[in-house]
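Could you use the hints to bring the two separately framed chains together as a complex?
Chain by chain, the residues run as shown.
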Amino acid sequence: MLVDAQGAFANDTLDELVLRTQQGDQVAFAALYEQCHRRVYALCLRLLADQAHAEDACQEVFVQLWHKMSQFNGQSKFTTWLHSVTSNIAISYLRKQKNWLNKVVSFECSGMDEASISLCGDLDGLDKLILKLPERARLVFVLHAVEGYRHEEIASMLGMAVGSSKSQYHRARKLLQEWYEND
Amino acid sequence: MTKPNFDEFLAKSLEERDNPEHMPKPQKPLWSGIEKAINTASSVGTSPVNQHNRANVWRQVSAIAASTLVGMCVVYFSMKPVEQSSVMQMSNYFEQQKQTLLVQYGSLPALTNDWQVQLQELEQAEQAIKTALENDPENAALLQMLAQVYQQQLDLINRVHQPRWQQI
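Those sequence lines, one after another, are chains A and R.
If you count by UniProt numbering, then the first sequence holds residues 1 to 183, one letter each, in order.
If you count by UniProt numbering, then the second sequence holds residues 1 to 168, one letter each, in order.
Bound conformation, chain R alone (with noise of 0.2 Å):
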């Protein structure tokens, strides 16, 4: 059988989109978070007016907080060209936010066992990625991939000390 052209394809394709069996599915369950989430939220007695509010000023603060950070970040690699010290300020920067994020959670258990060994595999591309940085400094998809790396690291310390609902 042929195979039909592009335009055929992508037409039936965008019309079957609404049918259920050609929709992919969450690979783990979602509802009993949202339920936690919603019963949580009530068993505090927040209000939509008072939630509402409250999100205002974290919102604010967090808002506040994130472009105070980033513009001093575009402040410092403005002020220089992108070489192997701003890779190496770069990684100075995230290492103090990993560690931060390690002392803050500590004392708290970890969803998972393995997490450590996972942070590990991260650390050796990190370290692979940089490794061919030295060679190619300026190598645009190196330093994404190291800014991919270091944002997976950060991301995993996040997640396994904070069950999925928590962080909605």
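This is chain A alone, in the form it adopts within the complex (with noise of 0.2 Å):
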């Protein structure tokens, strides 16, 4: 079924669509899907540095979304939830594309090349250098300097060392440095 959601709900809150969308609407969870799909993705997006992952995990957390939206209790504002939501799946999404060998040979994951990057439509410069991030440097980057989470929470989140977070925090600003004035 399609639903006209956008037309449905142009003028409703974000609140407002929280609210019926945990009352089962969902005609309003598209709504709100309209409404915060592009910072599930970007969020994705920058987590996984690999586009169709970041379109698969953005359904993933759509789709848990529905099913978890009775825990959300209002005590913090919906897109702090929300995010919160986002990162673990992200995380999680990428701990299960580790496959066998990955884990035998326990290579880090580069970022992404420019080519990949330039197929990801309209991203802004940092996004771009973020993308090319490897991997650990990346997750800690976005987690730390743009979701704000502090290093002892990305610690436990990434499972590593509070110490490791903090190296790998000055490791990517360090490359991010190099590139934006070598750019």
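Possibly wrong hints are sitting among the right ones.
As the list claims (entries may be wrong) - Below, in silico cross-link-like pairs of lysine-lysine (DSSO-like), each with a Cα-Cα straight-line distance of 27 Å or less:
{"no.": "1", "chain 1": "A", "residue 1": "K128", "chain 2": "A", "residue 2": "K68"}
{"no.": "2", "chain 1": "A", "residue 1": "K166", "chain 2": "A", "residue 2": "K132"}
{"no.": "3", "chain 1": "A", "residue 1": "K96", "chain 2": "R", "residue 2": "K36"}
{"no.": "4", "chain 1": "R", "residue 1": "K130", "chain 2": "R", "residue 2": "K98"}
{"no.": "5", "chain 1": "R", "residue 1": "K28", "chain 2": "A", "residue 2": "K128"}
{"no.": "6", "chain 1": "A", "residue 1": "K96", "chain 2": "A", "residue 2": "K68"}
{"no.": "7", "chain 1": "A", "residue 1": "K96", "chain 2": "A", "residue 2": "K166"}
{"no.": "8", "chain 1": "R", "residue 1": "K3", "chain 2": "A", "residue 2": "K174"}
{"no.": "9", "chain 1": "R", "residue 1": "K25", "chain 2": "A", "residue 2": "K68"}
{"no.": "10", "chain 1": "A", "residue 1": "K128", "chain 2": "R", "residue 2": "K12"}
Said to hold, decoys possible - Label pairs and their in silico Cβ distance ranges:
{"no.": "11", "chain 1": "A", "residue 1": "S76", "chain 2": "R", "residue 2": "L111", "range": "36 to 42 Å"}
{"no.": "12", "chain 1": "R", "residue 1": "Q27", "chain 2": "A", "residue 2": "Q177", "range": "28 to 34 Å"}
{"no.": "13", "chain 1": "A", "residue 1": "N88", "chain 2": "R", "residue 2": "Q120", "range": "34 to 40 Å"}
{"no.": "14", "chain 1": "R", "residue 1": "P4", "chain 2": "A", "residue 2": "A52", "range": "40 to 46 Å"}
{"no.": "15", "chain 1": "R", "residue 1": "Q96", "chain 2": "A", "residue 2": "G24", "range": "44 to 50 Å"}
{"no.": "16", "chain 1": "A", "residue 1": "E16", "chain 2": "R", "residue 2": "T2", "range": "43 to 49 Å"}
{"no.": "17", "chain 1": "R", "residue 1": "Q96", "chain 2": "A", "residue 2": "S110", "range": "23 to 29 Å"}
Everything labelled a hint here was simulated from the structure, so no lab data went into it.
Just so it is clear, CB atoms sit at the ideal spot from N, CA and C, and this is done for glycine as well.
This is how it looks when you write it as structure tokens:
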């Protein structure tokens, strides 16, 4: 069923859409998707550095959101909760993508190449650079600098030491600066 | 106009991160897959409680299978140094996985017609990397590339035989 969510809920605020979705209103959920899918996709793309995986993860976020909406208790802003759900799902998605070869050989995945980045549509300058970062540096930079998590939280989310999170952040900043200045 | 320094550029970019105009957007419509997944779950009458239990069972089965497989690989590779024969064993194992998938999906229609051409291109890349590894068997970058090409082949076979909404 295709729903005209934009038309039906054009003037509703995010809070109203959340409330209606919690009551099982799928049309409101479609409108919620319209309002929020770009921020969810953007975060997935920054964390996963792969367009197809980011699209899959974005779908997974909204399917899980539909089932988990009752868990949102309104104590924080909906977008804050949404970013937290998205970060966790994207990190878990990344772990699932690691096959036995990656686990055995234990390589760090490099970032996207220029050609793949150009296929991702219009990206701003920082996003283009973030996608080039190696995996660990990228995850830490996105979670700390973009999403505002503390290093202690990141260490727990990614299963690394707090010191590693800090050093990966500095590594990321250094690489970004180098690329920016040489661009 | 002079280029702003890196700190200014970073601060400005981070400030604008919540502006929809600066957010990347998916290259294809995603809502239909989400809607299908939600409605499929509803039509089979899966309550959140049942879904949770079923997901737990599958998670446990998958975890056992995955850890067994990874464990076997870790034991195998830790017994041997990274050398040509290990690369060959890795390749043999991958080939086995690939053939299993091809047999499994043999009777199912593929979503695209040119997937076999794409597979051939990946196989050519695989051969080129293997040739390079013959001269430099411990080259980490080459091993990583080989692993990625193997994974891309498995992903391709899976992807063209499974509509995206079913993968959710």
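Consistency of the hints with the structure:
1. Between K128/A and K68/A the CA atoms are separated by roughly 32 Å; this puts the pair beyond 27 Å, and the hint is violated.
2. Between K166/A and K132/A the CA atoms are separated by roughly 19 Å; this keeps the pair inside 27 Å, and the hint holds.
3. Distance hint between K96/A and K36/R is fulfilled; the C-alpha atoms sit about 23 Å from each other, no more than 27 Å.
4. With a C-alpha separation of about 17 Å, the suggested pair K130/R and K98/R falls inside the 27 Å cut-off, and the hint holds.
5. For the hint linking K28/R to K128/A, the alpha-carbon distance of about 20 Å falls within 27 Å, and the restraint holds.
6. Between the alpha carbons of K96/A and K68/A the distance comes to roughly 21 Å, so the proposed pair stays at or under 27 Å and holds.
7. Distance restraint check for K96/A and K166/A: the Cα-Cα separation of roughly 25 Å lies within the 27 Å cut-off, and the hinted pair is therefore satisfied.
8. Restraint check for K3/R and K174/A: satisfied, since their Cα atoms lie roughly 18 Å apart, inside the 27 Å limit.
9. With a C-alpha separation of about 24 Å, the suggested pair K25/R and K68/A falls inside the 27 Å cut-off, and the hint holds.
10. For the given pair, K128/A sits about 15 Å from K12/R by alpha-carbon distance, which is consistent with the 27 Å threshold.
11. At roughly 40 Å, the beta carbons of S76/A and L111/R sit within the given window of 36 to 42 Å.
12. Checked against the hint of 28 to 34 Å, the pair Q27/R and Q177/A passes, with Cβ atoms roughly 29 Å apart.
13. For the pair N88/A and Q120/R, the beta carbons lie near 38 Å from each other, so the given range of 34 to 40 Å is met.
14. Under the hint 40 to 46 Å, the C-beta atoms of P4/R and A52/A, about 33 Å apart, miss the expected range.
15. For Q96/R and G24/A, the Cβ-Cβ distance of about 46 Å falls inside the hinted range of 44 to 50 Å, so the restraint holds.
16. Separation of E16/A from T2/R is about 46 Å and conforms to the stated range, judged on CB atoms against 43 to 49 Å.
17. At roughly 27 Å, the beta carbons of Q96/R and S110/A sit within the given window of 23 to 29 Å.
Of the numbered hints given earlier, the model fails hints 1, 14; all others are met.
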